[in-house]
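**Q** Top to bottom, those sequences are chains F and X. Counting from 1, one number per residue, gives the positions in the first sequence under our numbering. Counting from 1, one number per residue, gives the positions in the second sequence under our numbering.
Hints in this document: simulated from the structure, not taken from any laboratory. Worth double-checking, as some hints may not be accurate.
Calculated pairs, DSS-like style, for lysine-lysine (alpha carbon to alpha carbon, straight line, at most 30 Å) [said to hold, decoys possible]:
hint, chain 1, residue 1, chain 2, residue 2
1, F, Lys-110, F, Lys-148
2, F, Lys-110, F, Lys-61
3, X, Lys-27, F, Lys-148
4, X, Lys-70, F, Lys-110
5, X, Lys-70, X, Lys-27
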Amino acid sequence: MTPRTRTGPRVAIVGAGPAGAFTAACLLRACGNAEIDLFERLPTPWGLLRGGVAPDHQEIKRLEDTFDRQTLRRGCRFLGNVEVGVDISHGELMRHYSAVIYATGAQTDKSLGIPGEDLAGSWAATEFVAWYNGHPDYRDLEFDLSAKRAVVIGNGNVAADVTRMLTLSAAELERTDIADHALDALRASSIEEVVVLGRRGPAQAAFTSAELRELGHLDGVQLRVDADEVELDPVSRQWLADEGTFTARTNVELLREFAARPERADARRRIVLRFLRSPLQIRGAERVEAIDVRRNEIARGHDGMLRARAVEEDAERIDCGLVLRSVGYRAVPLPDVPFDERSYVLPNARGRVLTPAGEALPGVYAVGWIKRGPTGILGTNKRDAEETVTCFVEDLAAAALPDPPDPGREQVDALLAERQPNVVAVDGWRAIARHELENGRRERRPRVKLASREELLDVAAQRTGAPAAVTW
Amino acid sequence: MTYVIVGSCIKDDSCIEVCPVDCIHPKPGAPDFETAEQLYIDPAVCIDCDACVEACPVDAIYAQPELPEKYGYALDLNDRFFGELSTAERTAG
């Protein structure tokens with residue numbers, strides 16, 4: 001009997017977030033003998049599922065069980081704490097793998113381009129998210145929550161998440177897996193009001209109706225929205241009737257309902273939704289003291305799109321001590337692979353990365369936000385992964401993949417051993433997960449996250465003993 | 001009785017893949033699929049087989065009698081969704 005071919009195609013997936021995980025799972029379904037290495041910059045897998053999805057949305061985090069079952073438990077290797085481009089280069093990956101699939105996401109935020117944006121107290125909402133979710137690179141940030149009012153700029157789901165996190169009670173936060181340093185800071189928060197600014201009107205808000213509904217139903221939190229700002233202008237009314245999505249119509253109805261609510265005297269905190277307002281300038285001598293906003297109206301552009309257009313009148317000043325800017329994520333270029341500087345993605349056709357001349361770069365693929373831009377929800381990545389994997393399978397069948405000169409797993413491992421002494425493999429990750437869940441059980445929380453790289457690496461290497469004692 | 005999907009749906013289509021009567025909408029490729037924030041179960045077609053509940057990776061699907069109170073809105077939303085979806089769209093799949 002001839003032994004089964006030991007190796008199928010060797011594939012490196014760069015980035016163990018949802019896009020990388022869906023890709024690994026899909027690849028194993030399509031090509032059962034593929035040898036997959038899942039590279040990850042952090043010691044922990046699952047990207048924004050762990051570090052982005054809000055701590056009070058634990059039900060969504062259950063997706064990690066599916067990721068684990070469909071990837072790591074099916075032989076896909078996890079190579080955590082390894083940064084491609086630093087510890088191992090793209091060229092080196094191409095020496096060891098038939099294909100490299102980039103799933104690196106969009107790691108930075110878009111800027112507003114207004115004066116005062118860089119004042120102390122003005123943050124990208126994504127920094128706040130990474131901080132409260134225990135991303136090890138963000139744990140030392142210090143958010144000053146001593147002011148009475150915070151302003152959140154943006155109307156998407158990250159804006160909704162940070163608004164909730166600023167207004168939930170300590171008792172509610174204590175039931176989540178929020179990072180301990182963030183829990184301590186939010187317990188002591190003096191913030192009483194969060195103003196959320198939307199550039200366009202209620203019909204164009206990017207919130208899902210589920211997130212908007214949630215903002216209006218938080219315990220002890222009054223949601224205020226002015227009836228005048230919810231009233232649609234004629235252009236938006238027509239648009240909603242002709243082209244409005246189900247979500248947009250639901251949002252407008254919800255906002256009308258919220259606007260009609262009576263004032264609550266017993267509210268602990270307030271959320272104020274403002275529409276048709278653009279930030280002009282963030283003011284403050286040394287740190288944020290106020291933000292100037294301008295009123296907009298909705299106009300239809302030449303391309304038929306509805307845009308916010310400035311109304312010529314005096315700016316309104318809103319006093320505040322914290323500004324969270326949530327106007328979108330943006331991808332950063334990766335070393336040694338083409339990058340589209342206008343769309344902030346890897347130039348690609350259905351996931352095949354293209355050279356500047358527009359030809360497919362053999363064996364190089366993209367998936368997720370680095371492929372399509374930062375849009376869609378978690379499940380969008382599954383269909384996106386299917387598309388990229390289909391290209392890979394076609395190329396494999398057509399013998400269009402490069403032949404790596406050093407295809408052995410041992411050679412990659414030897415190289416990594418030289419470059420990065422603290423690679424976190426699957427057993428290390430399982431030790432981290434066990435430790436966090438065990439501490440969570442003691443505190444009746446879903447988990448207690450390890451939020452520094454040192455702690456994560458120590459636990460992964462099983463250098464520490466029993467979980468720390470309960471402190472209260 | 002029917003089954004209902006709540007707002008924590010991540011639209012990964014696991015339910016659509018297992019539904020034996022194709023009653024979960026919108027379907028990938030349908031005009032409203034990309035803009036839909038969640039999927040919906042057509043109560044007129046659903047046969048209460050429970051397959052979607054088992055398939056959902058984020059436990060976003062409930063049998064109606066077991067629907068937690070905080071998700072009560074999901075039934076109204078579902079009614080509205082199918083109220084707007086024409087019969088032609090429902091059966092075109």
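**Q** Could you run down the list of hints and mark each one as holding or not?
**A** To see whether the hints hold, each was checked on the structure:
1. Lys-110(F) <-> Lys-148(F): holds, 26 Å
2. Lys-110(F) <-> Lys-61(F): holds, 26 Å
3. Lys-27(X) <-> Lys-148(F): violated, 46 Å
4. Lys-70(X) <-> Lys-110(F): violated, 35 Å
5. Lys-70(X) <-> Lys-27(X): holds, 27 Å
In summary, the structure is inconsistent with hints 3 and 4 from the numbered list given earlier, while agreeing with the others.
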